[in-house]
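J.: Okay, here's what each chain looks like letter by letter:
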Amino acid sequence: MRQVDIIGADMTAFGPQIETPLVELGARAAIGAIKNAGIKPSQINIGFFANMQAGNITGEFTVGQNILWEAGVNRIPVFNVENACTSGASAFNLAWTSIISGMYDVAIVVGAEKLVVPNLGLLQAGATELNVLEGGVVITNFASRANLHMDTFGTTKEQLAMVAVKNRQHAGMNPLAQFRKPITVEEVLNAPMMADPLTKLSCCPNADGGAAVVLCAAELSNRFTSKPIHVKASVLVSGIYDQLPDLFKFEEDLRAGSMAYEMAGLGPEDLHVVECHDAFTICEIMHYEGLGLCPVGEGGRLVESGATSLGGKIPVNPTGGLLSKGHPLGATAVAQIVEGVRQLRGEAGDRQVEGAKVYLAECMGAEKFGDAKTCTIIILQN
Amino acid sequence: MTSELKPVKEGIFEVGPPPRLRGAICPECNQKFFPRPMVCPHCLGELQDVYLSTEGKVYTYAILRVKPPYKLPRPYAVGWVHLEADGIKIHTLFDPEKLSDLDFGRQVTLRVGAIGVDNNGDSCLRYYFTPQVGGEQ
Numbered sequence: 001m002r003q004v005d006i007i008g009a010d011m012t013a014f015g016p017q018i019e020t021p022l023v024e025l026g027a028r029a030a031i032g033a034i035k036n037a038g039i040k041p042s043q044i045n046i047g048f049f050a051n052m053q054a055g056n057i058t059g060e061f062t063v064g065q066n067i068l069w070e071a072g073v074n075r076i077p078v079f080n081v082e083n084a085c086t087s088g089a090s091a092f093n094l095a096w097t098s099i100i101s102g103m104y105d106v107a108i109v110v111g112a113e114k115l116v117v118p119n120l121g122l123l124q125a126g127a128t129e130l131n132v133l134e135g136g137v138v139i140t141n142f143a144s145r146a147n148l149h150m151d152t153f154g155t156t157k158e159q160l161a162m163v164a165v166k167n168r169q170h171a172g173m174n175p176l177a178q179f180r181k182p183i184t185v186e187e188v189l190n191a192p193m194m195a196d197p198l199t200k201l202s203c204c205p206n207a208d209g210g211a212a213v214v215l216c217a218a219e220l221s222n223r224f225t226s227k228p229i230h231v232k233a234s235v236l237v238s239g240i241y242d243q244l245p246d247l248f249k250f251e252e253d254l255r256a257g258s259m260a261y262e263m264a265g266l267g268p269e270d271l272h273v274v275e276c277h278d279a280f281t282i283c284e285i286m287h288y289e290g291l292g293l294c295p296v297g298e299g300g301r302l303v304e305s306g307a308t309s310l311g312g313k314i315p316v317n318p319t320g321g322l323l324s325k326g327h328p329l330g331a332t333a334v335a336q337i338v339e340g341v342r343q344l345r346g347e348a349g350d351r352q353v354e355g356a357k358v359y360l361a362e363c364m365g366a367e368k369f370g371d372a373k374t375c376t377i378i379i380l381q382n
Numbered sequence: 001m002t003s004e005l006k007p008v009k010e011g012i013f014e015v016g017p018p019p020r021l022r023g024a025i026c027p028e029c030n031q032k033f034f035p036r037p038m039v040c041p042h043c044l045g046e047l048q049d050v051y052l053s054t055e056g057k058v059y060t061y062a063i064l065r066v067k068p069p070y071k072l073p074r075p076y077a078v079g080w081v082h083l084e085a086d087g088i089k090i091h092t093l094f095d096p097e098k099l100s101d102l103d104f105g106r107q108v109t110l111r112v113g114a115i116g117v118d119n120n121g122d123s124c125l126r127y128y129f130t131p132q133v134g135g136e137q
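From first to last, the protein sequence lines stand for chains A and B.
Quick note: the first sequence uses the working numbering, first residue 1, plus one each step.
Quick note: the second sequence uses the working numbering, first residue 1, plus one each step.
Hints are computed from structural coordinates only; laboratory data are not their basis.
Given the structure is predicted, the values throughout are model-derived calculations rather than measurements.
Take every hint as true, because none was put in to throw you off.
Not close to chain B: a few residues of chain A, all C-beta gaps over 10 Å, as computed:
{"no.": "1", "residue": "Gln-43"}
{"no.": "2", "residue": "Thr-58"}
{"no.": "3", "residue": "Arg-75"}
{"no.": "4", "residue": "Glu-298"}
The list that follows gives simulated cross-link-like pairs (lysine-lysine, DSSO-like), each with its CA atoms no further than 30 Å apart:
{"no.": "5", "chain 1": "B", "residue 1": "Lys-57", "chain 2": "A", "residue 2": "Lys-368"}
{"no.": "6", "chain 1": "B", "residue 1": "Lys-71", "chain 2": "B", "residue 2": "Lys-98"}
{"no.": "7", "chain 1": "A", "residue 1": "Lys-368", "chain 2": "B", "residue 2": "Lys-32"}
{"no.": "8", "chain 1": "A", "residue 1": "Lys-368", "chain 2": "B", "residue 2": "Lys-67"}
{"no.": "9", "chain 1": "A", "residue 1": "Lys-227", "chain 2": "A", "residue 2": "Lys-35"}
Some chain B residues flagged as far from chain A (calculated, every beta-carbon gap over 12 Å):
{"no.": "10", "residue": "Glu-14"}
{"no.": "11", "residue": "Glu-28"}
{"no.": "12", "residue": "Glu-55"}
{"no.": "13", "residue": "Asp-101"}
Don't be surprised by glycine CBs; every beta carbon is placed ideally from N, CA and C.
Build out the structure end to end from the sequences listed, making use of the hints.
T.: Here it is, written out as structure tokens:
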């Protein structure tokens, strides 16, 4: 199989950027990534743009073409991709596939989202889906999992809160993160209750932002950069939907994870740094387990041990994660890849994991019958 | 009055009494589904209508404290009921009057009642499960 490298990466700050249009958020990241790659826009053969909500919120469509035109890219095939929170990693998977197939040599992936909108309300899956009509919202879905995890494995509210505290501490070392002021376990527990046991500080904030990466066939990447980052695995799975979900674990993580580790010829013990989809504190704990960083049921104790903090055995979410960096849906999973590039190049500043050589990014999105509809895992190596 | 209200979605339950959820079964795969898919997703064969059991056990639940959608009560509880006789777990509202009786494994019984509004903003009927107080754990 043909090998693929990432040769360029960039992103905007995440957070409220009310005055900046969606196209500008995406284009800033795209221009940055193209310059970072040391490539001319005309050398890019195919483009992918990830976004989830623009069609709903502002009625925009085929935004990718507008963004890429601002970045000097036209004429080539452009695809607009929506796959909930994994839209960016899904677009990346398509870009990777387009290069390993031999059809294209250089691809760009851009993700951008504007989500800081007055009166947006709680995010729902879709106005015709039965679980939504019956009162299900995203946070009740994860609060249900948190309650079950606590009942099944003895995970504590304090352990859940430690995820938010850790990621906030990490965000203090990331100038692009939305929230950087340290918080304590007590502050997380005493914040306004959203859906027990999840308080306001247990949930990721809506954000605006953009991120982009440039991929290149590995045999060509040294024309452009001396620091190519190798894509060792890119996996996307959807759910099983057998209507008998085990809500105390992420079956999709376990399945996608084993596929990704096999593809990469690596295992969880080989990882140096991880970013995962910590939309709510419980998610990060369950992703530890799904990715094999610890056995199922041990995630709460893993965060409490400090192993997933910077300086620990396997740092998770050094950027601050969705919880503190913010979650501009379409940009989120592309930004995870940007962080992978920076960590593996040794360009991550104060949050650099010393000597990082293997990086994993996990993302997950949407829900049907208790199963995730989409789960992505990307493994990078320098 | 209740009988004049429409279900939050047509075809998913019968008001009764007794109220009943309308699922489907594939006679080839012997698998039940709720809500009813177009065909059996395993064999693409035709499905038969079936009423699901009206009793189950709380698998897990969550209580939403913030402003609710669909003018549901504040707070309200949603979660999952294991219909053991049918071999499926379904997402459901729980009885908003009995939040403190919710617990893992608690026996619950199906009800249909006027709760909240539909996508058009009209008051409507929803299915929910109510805990059997003193019920088997």
